[in-house]
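There are 4 protein chains.
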Amino acid sequence: MAAATHFLTPDGGASLVDDCLYGWGADLIVVYLRCDPERLQALLPPGLKVADGLCMAYVGAFQSASEDRPDAMLLNPAGTVYNEAALSIACTYGDRKGYFPAFVWVDKEWSLIRGWLNGYPKKIGAITMARPHAYNPVTGGGLRVGAVTGGICSRHGFTLMRMGLTLTRAGEPGDLKSRPSTFGHRHWPALHPTQTAVSELVEVNRTDLKIGDVWLGEPFFELGNAPDEALDHFRDHELVAGATYSYGFRIGGATRLEPIAR
Amino acid sequence: MAAATHFLTPDGGASLVDDCLYGWGADLIVVYLRCDPERLQALLPPGLKVADGLCMAYVGAFQSASEDRPDAMLLNPAGTVYNEAALSIACTYGDRKGYFPAFVWVDKEWSLIRGWLNGYPKKIGAITMARPHAYNPVTGGGLRVGAVTGGICSRHGFTLMRMGLTLTRAGEPGDLKSRPSTFGHRHWPALHPTQTAVSELVEVNRTDLKIGDVWLGEPFFELGNAPDEALDHFRDHELVAGATYSYGFRIGGATRLEPIAR
Amino acid sequence: MAAATHFLTPDGGASLVDDCLYGWGADLIVVYLRCDPERLQALLPPGLKVADGLCMAYVGAFQSASEDRPDAMLLNPAGTVYNEAALSIACTYGDRKGYFPAFVWVDKEWSLIRGWLNGYPKKIGAITMARPHAYNPVTGGGLRVGAVTGGICSRHGFTLMRMGLTLTRAGEPGDLKSRPSTFGHRHWPALHPTQTAVSELVEVNRTDLKIGDVWLGEPFFELGNAPDEALDHFRDHELVAGATYSYGFRIGGATRLEPIAR
Amino acid sequence: MAAATHFLTPDGGASLVDDCLYGWGADLIVVYLRCDPERLQALLPPGLKVADGLCMAYVGAFQSASEDRPDAMLLNPAGTVYNEAALSIACTYGDRKGYFPAFVWVDKEWSLIRGWLNGYPKKIGAITMARPHAYNPVTGGGLRVGAVTGGICSRHGFTLMRMGLTLTRAGEPGDLKSRPSTFGHRHWPALHPTQTAVSELVEVNRTDLKIGDVWLGEPFFELGNAPDEALDHFRDHELVAGATYSYGFRIGGATRLEPIAR
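Chains as they are written, first to last, in the working numbering: chain R, 1 to 262; chain P, 263 to 524; chain X, 525 to 786; chain V, 787 to 1048.
If you are wondering where the hints come from, they were derived from the structure by calculation, not from laboratory data.
The C-beta atom is built at its ideal place from N, Cα and C for all residues, glycine as well.
It is possible that part of the hints are untrue.
[What the hints assert, rightly or not] Quick partial rundown of chain P residues pointing at chain V, CB under 10 Å, derived from the structure: (1) Ala-388; (2) Ile-389; (3) Thr-390; (4) Gly-413; (5) Ser-416; (6) His-418; (7) Phe-420; (8) Leu-422; (9) Arg-424; (10) Thr-428; (11) Pro-481; (12) Leu-485; (13) Gly-514; (14) Ala-523.
[Claimed, not checked] Simulated pairs of lysine-lysine, DSBU-like, Cα-Cα distance not exceeding 35 Å: (15) Lys-311/P to Lys-210/R; (16) Lys-883/V to Lys-734/X; (17) Lys-573/X to Lys-701/X; (18) Lys-996/V to Lys-883/V; (19) Lys-472/P to Lys-439/P; (20) Lys-97/R to Lys-49/R.
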């Protein structure tokens, strides 16, 4: 087992992150926003250029498993599932189009550390997503026209964002505002002049992307506020579209693009 | 809106429970156990008779919606989803066969109160269930032969039970050890001689049961311990079978069978 | 051990509540509000009459122990401590002056059930209180002039209320707007016509009250909103005063005053 | 404000960690263990040498505030308090005596990240500590001979450790097995060959240490187990002593001692 992080032990079994490929599966609600490009650019690391103000707000239920521990669900189920919410900014690196996930909240620390190591800025939050279950006779048969779905993210007692959809029609992966790259900022600062700092722009090595079960809907979105967040960068926004879907992919680390001076 | 419980307000909007039909949808891992019938009988309210020692241990992800607020998922998603784990005892009331859910843990208090009102003894616990996602390339395509799934329940920092399955074959609803009735104990004691107490045996009014996506597997089960639980009633046990499946149903309260003297 | 509630077992060891005297110790931040008496009256059960609009908003860190299990802190620490936030209304029952705790949130279900049994309407929330520690060199030496303290309560991801103080002077118990009685509403409804319901007005049997370490301060208070709460009853308010203090007391159930027809 | 970490924003207000001195105040239960020195050495980073097998297991309630945001308790209380449990190993670096906190669990991610940046290996856990409140008439007047206190730490549903004390006498700071230095391992690995890694031995810059309210007691300690922890390194142990006390201190980063090759 190629374990990478604390807790460091001889056999690596207590590491938060395995140093190998991981696979993900997830169900997602996404609301696309158009925000003020200038306010967004201020959140991008040097090297990335804001697109046209397009942002992706989402909340989802995720699961992941490393190729070194594919059977973790059996013996350590809470080490395999997490919820995530995010505000992600459409941007470019040179001529490569992608998103930079500026603010991400998850409810497991191993997802946070794995995220930071791959350049995803993450905090811990309380996140819930609800989608109608196929067998519930009151909400009625899973995703369908007229069904509603919603999510909420809070942290430290403050509502950060809520979102939801009233489904209007089945869609296809092409209906999503996907962009091929995901950029990140691997940032590990020094808290003392003798320490070694790291700050580098990366691109996440995501492969085997598969998207399905796409439904489009009338979006609902509400942005909150908190004394230790910076949500005002997304305050001015208009709702562009909303969708819910499932997807899966592999990530094998993130490739360094260039150093970032700070 | 016919709201029933605290917080009592003029329009009923702050009630934990609505006084109307609810619909459920859920995904479940169940491990059937054979326990000591005498130890089980000691947990049954008067009027119920233990069957042959059969018990059902389960952990699941549930959602529910009331007919008065079918759209709660959109605006209050955390008010619609919960996780539940339980130890339930096969028993009879006269010639009616059913289960009595002796120990149930959930992670939302509205499920706890709704449960107590219908005779389900519930506490709050921390519960996680994990099943392979259809799109995860590492766990590989959802439920299938060889896939693993697991769950865990803890409370106050103590592991109460863990369970899981290695899937061996697709099954059918008839493979489950279902019994038509669910019995409950509506118990609301007096803490002062002047107070009014309630204690009555009930049968839950469950309708529209639909079961599907049944998979059978090699079960794993481990019982924990805690200073304020009574898990030793299930300590001697053998594993009978294991399954994972989805189901949905409606509950419209619980019908009183007889009073219980205490 | 005189255990009272689910889980009912032969030796009572899995009951959420013991049927005996409990003792409490707590640290509290309270902000006194003046609200619209008419909106408050609508939250009082029949038999109680609103005073002059005075309300008490508080957040606190509580501990409790029953006389049957005074040593629970050693073996079950999470069964002895909880956080609580509340909105409580000054009112009278005949010529007796008291408070009715209209909305109470706690973070342990045994406190919720014990509360409902004694007439306190409670839900589960996420509650944090912070007061400066005596040894922290940055916040500086515990409670003192200029120190700040604060609390927050959320539920289902929604901020319900925040409050805090900037301390201005040491005070005394007489500076608090205490009232001798605490009234409650023991309400256990029927969810089916065959079930037995309970609804009765009670007065909590609180004894051995001891208050100390009183500090007064400039209050801060902010009321939130949630789709399944009724906070608008307190929306119009002015800040009257704020204090932080410690107290302890015993509660031995609640005495029934009169039935409530519903 | 000199903010250091994600989320990186122009004014630094969304950073998890401020780049300045922090002050702490805490209440602690500690149980000293004697473990197998060889099993402990395997957990120490190169450069540290195990002492005589002495370890410190503790659970505590902590608060911290940065000099840049001393008033955070008022507006963001949940950003100032956390619980922590740990297993820390007595060791030496050359002739400097200290502890290396091998396994630390906290319940806030800003404490985790601040910890990792200063060399403390931390994960997120669920931690509760309970000590008798001075005003509780049942537990009786705070810390005193015969009083009990306890704590528990779990993660992912698994009990990791429990501990507690029955107090036998008031003590003094000199009764504690303190050691002047705290060593750490700043470890930030590469998950891709192009990334920059950091791994360095540090000593935490702790100043202004003040200890008080020391009580000694008969210790209770129980070690749990989890599939993604390595608690067996502490499995063979004898109980040496137990204490509960309060303390405060400042930390201004950690000074690099030497690089660690991995």
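Status of each hint after checking the structure:
no. : hint                   : result
1   : Ala-388                : holds (6 Å)
2   : Ile-389                : holds (8 Å)
3   : Thr-390                : holds (6 Å)
4   : Gly-413                : holds (9 Å)
5   : Ser-416                : holds (4 Å)
6   : His-418                : holds (7 Å)
7   : Phe-420                : holds (5 Å)
8   : Leu-422                : holds (8 Å)
9   : Arg-424                : holds (7 Å)
10  : Thr-428                : violated (16 Å)
11  : Pro-481                : violated (18 Å)
12  : Leu-485                : violated (13 Å)
13  : Gly-514                : violated (33 Å)
14  : Ala-523                : violated (31 Å)
15  : Lys-311/P to Lys-210/R : violated (52 Å)
16  : Lys-883/V to Lys-734/X : violated (46 Å)
17  : Lys-573/X to Lys-701/X : holds (18 Å)
18  : Lys-996/V to Lys-883/V : holds (19 Å)
19  : Lys-472/P to Lys-439/P : holds (15 Å)
20  : Lys-97/R to Lys-49/R   : holds (10 Å)
Hints 10, 11, 12, 13, 14, 15 and 16 from the earlier list are contradicted by this structure; the remaining hints agree with it.
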